[in-house]
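Engineer: What follows is the residue order along each chain.
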Amino acid sequence: MKKPMAVSDQGQGPYITRFGPVERTTHALIIVSFLGLVATGIPLRFAYAGWAAPFMRALGGPASAAFIHRICAAITFGYFFIHLVTIIRNLIRAEDKKTIFWGPRSMVPQPKDIRDVIGMFKWFLGRGPHPRFDRYSYMEKFDYWAVFWGVAIIGGSGLLLWFPAFFARFLPGWMFNVATIIHGDEALLALGFIFTIHFFNVHLRPEKFPIDLVIFTGRAKAEYFEEEHPLEYERNQREGRLASLEAPAPSAATYLWSMGLGFAALAVGVFLVLLVLYALVS
Amino acid sequence: MAGTIVSVFVAAALGALLAAPAAAQQRDGDVACKNCHANREFLVGKGGSVMPDSVLFVPDSVLHDSKHAGLSCTSCHPAFASGYPHRVTAAFAVPCQSCHEKEGQDWARSIHAPDAVTRGNAPTCATCHGTHHVLGADDPRSRTYPLNVAALCGSCHADPRIIGTYFGAADQAQARTAVSSYYKTIHGTAMTKAGLVVSATCSDCHGAHLILPPDSARSTINRANIATTCGQCHAGVLQTFDQSSHGQALRTGAKTPTGHSAPVCIDCHTSHEIVPASDPAWFRGVVRECGACHEKEYGTYFETYHGQVTELGFGITAKCSDCHTAHDMLPATDPKSSVYPTNLVKTCAQCHPTANENFVRYQPHGDMHDREAFPLLFWTWLLMTTLLVSVFVFFGAHTLLWLGRIIIDRTRGGSTHPSDEKEEHP
Numbered sequence: 000m001k002k003p004m005a006v007s008d009q010g011q012g013p014y015i016t017r018f019g020p021v022e023r024t025t026h027a028l029i030i031v032s033f034l035g036l037v038a039t040g041i042p043l044r045f046a047y048a049g050w051a052a053p054f055m056r057a058l059g060g061p062a063s064a065a066f067i068h069r070i071c072a073a074i075t076f077g078y079f080f081i082h083l084v085t086i087i088r089n090l091i092r093a094e095d096k097k098t099i100f101w102g103p104r105s106m107v108p109q110p111k112d113i114r115d116v117i118g119m120f121k122w123f124l125g126r127g128p129h130p131r132f133d134r135y136s137y138m139e140k141f142d143y144w145a146v147f148w149g150v151a152i153i154g155g156s157g158l159l160l161w162f163p164a165f166f167a168r169f170l171p172g173w174m175f176n177v178a179t180i181i182h183g184d185e186a187l188l189a190l191g192f193i194f195t196i197h198f199f200n201v202h203l204r205p206e207k208f209p210i211d212l213v214i215f216t217g218r219a220k221a222e223y224f225e226e227e228h229p230l231e232y233e234r235n236q237r238e239g240r241l242a243s244l245e246a247p248a249p250s251a252a253t254y255l256w257s258m259g260l261g262f263a264a265l266a267v268g269v270f271l272v273l274l275v276l277y278a279l280v281s
Numbered sequence: 000m001a002g003t004i005v006s007v008f009v010a011a012a013l014g015a016l017l018a019a020p021a022a023a024q025q026r027d028g029d030v031a032c033k034n035c036h037a038n039r040e041f042l043v044g045k046g047g048s049v050m051p052d053s054v055l056f057v058p059d060s061v062l063h064d065s066k067h068a069g070l071s072c073t074s075c076h077p078a079f080a081s082g083y084p085h086r087v088t089a090a091f092a093v094p095c096q097s098c099h100e101k102e103g104q105d106w107a108r109s110i111h112a113p114d115a116v117t118r119g120n121a122p123t124c125a126t127c128h129g130t131h132h133v134l135g136a137d138d139p140r141s142r143t144y145p146l147n148v149a150a151l152c153g154s155c156h157a158d159p160r161i162i163g164t165y166f167g168a169a170d171q172a173q174a175r176t177a178v179s180s181y182y183k184t185i186h187g188t189a190m191t192k193a194g195l196v197v198s199a200t201c202s203d204c205h206g207a208h209l210i211l212p213p214d215s216a217r218s219t220i221n222r223a224n225i226a227t228t229c230g231q232c233h234a235g236v237l238q239t240f241d242q243s244s245h246g247q248a249l250r251t252g253a254k255t256p257t258g259h260s261a262p263v264c265i266d267c268h269t270s271h272e273i274v275p276a277s278d279p280a281w282f283r284g285v286v287r288e289c290g291a292c293h294e295k296e297y298g299t300y301f302e303t304y305h306g307q308v309t310e311l312g313f314g315i316t317a318k319c320s321d322c323h324t325a326h327d328m329l330p331a332t333d334p335k336s337s338v339y340p341t342n343l344v345k346t347c348a349q350c351h352p353t354a355n356e357n358f359v360r361y362q363p364h365g366d367m368h369d370r371e372a373f374p375l376l377f378w379t380w381l382l383m384t385t386l387l388v389s390v391f392v393f394f395g396a397h398t399l400l401w402l403g404r405i406i407i408d409r410t411r412g413g414s415t416h417p418s419d420e421k422e423e424h425p
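Chains A and B are the protein sequences, given in the same order.
Note that numbering that gives the first Met the number 0 numbers the first sequence so that position 264 is 263, with each residue one more than the last.
Note that numbering that gives the first Met the number 0 numbers the second sequence so that position 306 is 305, with each residue one more than the last.
These aren't lab readings, by the way, just hints derived from the structure by calculation.
Note that CB positions come from ideal geometry on N, CA and C, so glycine has one too.
Worth double-checking, as some hints may not be accurate.
SDA-like mimics (lysine to any residue), calculated; alpha carbons at most 20 Å apart, straight line [unchecked claim]:
| id | chain 1 | residue 1 | chain 2 | residue 2 |
| --- | --- | --- | --- | --- |
| 1 | A | Lys121 | B | Asp408 |
| 2 | A | Lys140 | B | Asp408 |
| 3 | B | Lys295 | B | Asp366 |
Sample of chain A residues lacking proximity to chain B, with all beta carbon distances greater than 10 Å (derived) [to be verified]:
| id | residue |
| --- | --- |
| 4 | Ala27 |
| 5 | Gly77 |
| 6 | Thr98 |
| 7 | Met119 |
| 8 | Phe120 |
| 9 | Pro163 |
| 10 | Arg168 |
| 11 | Leu170 |
| 12 | Asn176 |
| 13 | Glu185 |
| 14 | Leu188 |
| 15 | Ile196 |
| 16 | Gln236 |
| 17 | Thr253 |
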């Protein structure tokens, strides 16, 4: 049998559910809106680069770019809002509310995450075993909080610049200077991180190349799940939840849009970060 | 050419001898001249060809149509007053300056005069004004009529041979293209396309007779005189410019610490590439021009949305002149300045109609690298930079070490899978 392209479809065992529809949809919305925001933002930030003016013309000019930027900003505020609602809903429904904010299955950084960071560096240097991750590795937690913090900071400063007349009713004008610095630098951090570090960690490093579809299809082969998140897998096994998490193979349609969106996002992201790198070194 | 002239003279002499009685030959005045020079037969050449265009053929219809209709032949040709046969001497030359004294003096001091005398191919009076059919500059048929001046000057200044001979030097690039580029300027298109005779043509800026190179102190295009020259037409702009910081500095000769003197009209508008102020390529150049002296402001401008959009070639955001005015710029300490604190709301409201006291506390030239002047921007910048550097250094190392681990393991033929590690280190 031909080996599946996506690393999450490789290995033994049934498919196990890892992400629900809300998480998958949120990630897809993040991809679309973030690429749109970056593409319409970098020609301004790097206006001095040779590619910036033709790029801006291709976007239809500053007014058109601003419109696209704001549509994507609205999507961003939308998924951020949905996420906050989801947290509240989960909090209401959860039997043990504490587990959302603390413990091995929480997104909140735990002492184990610090041990895992140290463990990974030891492993890099050949001085210890590869740490065994729980439901979310420290890298995934960093990704999550970077987006959470990023949306708040970039979104907040962006709102200031979007509605200056409103904010000038009670804020001094130099706040727009501060907002401009924060907005641009935080955005540079976000795009630099997502398009290099996140891409490498999750999709492009040799074990995972060319793509990991688990966030798109929501499921991964059991063997792969166990490799990536052994503690979570073993807990599910121990607590007898594995059977209920079993899922059918992704449908052809799901597989197709997952591959399409995933590879398109990788390509566009790499292209955009190369433009930025070119501007930074030129 | 010389042969033709000689044959004309021979024919003229023969014709005169045969046609005119001896008594008439002695008569002074126009009638005597016209006997020959108003007679077309007189101009029949050796081969029988008639030369109606020759300057020697001067019928009444030509003379009476000219500005000189009231003059007699000998007013301009005094050397021939003694009658026939003519003595061909240096006194042949027509002394225009005996009447047109000032124009003659001006021409004699102009850049055209020395070359006209020594090399013979610079213009004299007749080159531009013609000979017997002299017309006023207000006559649409005249070569000196505003609509025709560029073509007149261009007959030499757009001639590749003249350009090659006189304007070959590296620093004369502008002289090489002056006439052709003039037609593309707002002055040239106003003249040729809109037919607007009040638009500027060559002589309006360079003068008609006292044409001097820009390094000559008396030249109309000397830096010190440019504003006055342009101000002949743009009088309102000249008034405001004179009162501006730049106008004042120009009068006092003040220079910037970097040795720049005050800008004059052509520094922003150019001379032969003048375009409407709405042209995107031009306003980018003007911003650059302002930045030649105002370096710090130039740098900080491009860190704002205003500057970034301008940099991209779109003219929709504020450029220097939108806030500082184009010709009336004054320091922010001057109550008349558009950027004086109490005038800011009005200035910003041109684009931001809802601008209020808070809004105008925006720093359009805020410098995040200047800790003294903009401490808050500096600390914000430092905080953000520290954050960026920390994240990228940490995760850069994380990624590179990881990649190194993978490469080492793969070259050793081992595996990097955590599940395999798990077996070894339960």
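Engineer: Please list, smallest to largest, the hint numbers that this structure does not respect.
Structural biologist: 2, 7, 8, 9, 10, 11, 12, 13, 14 and 15
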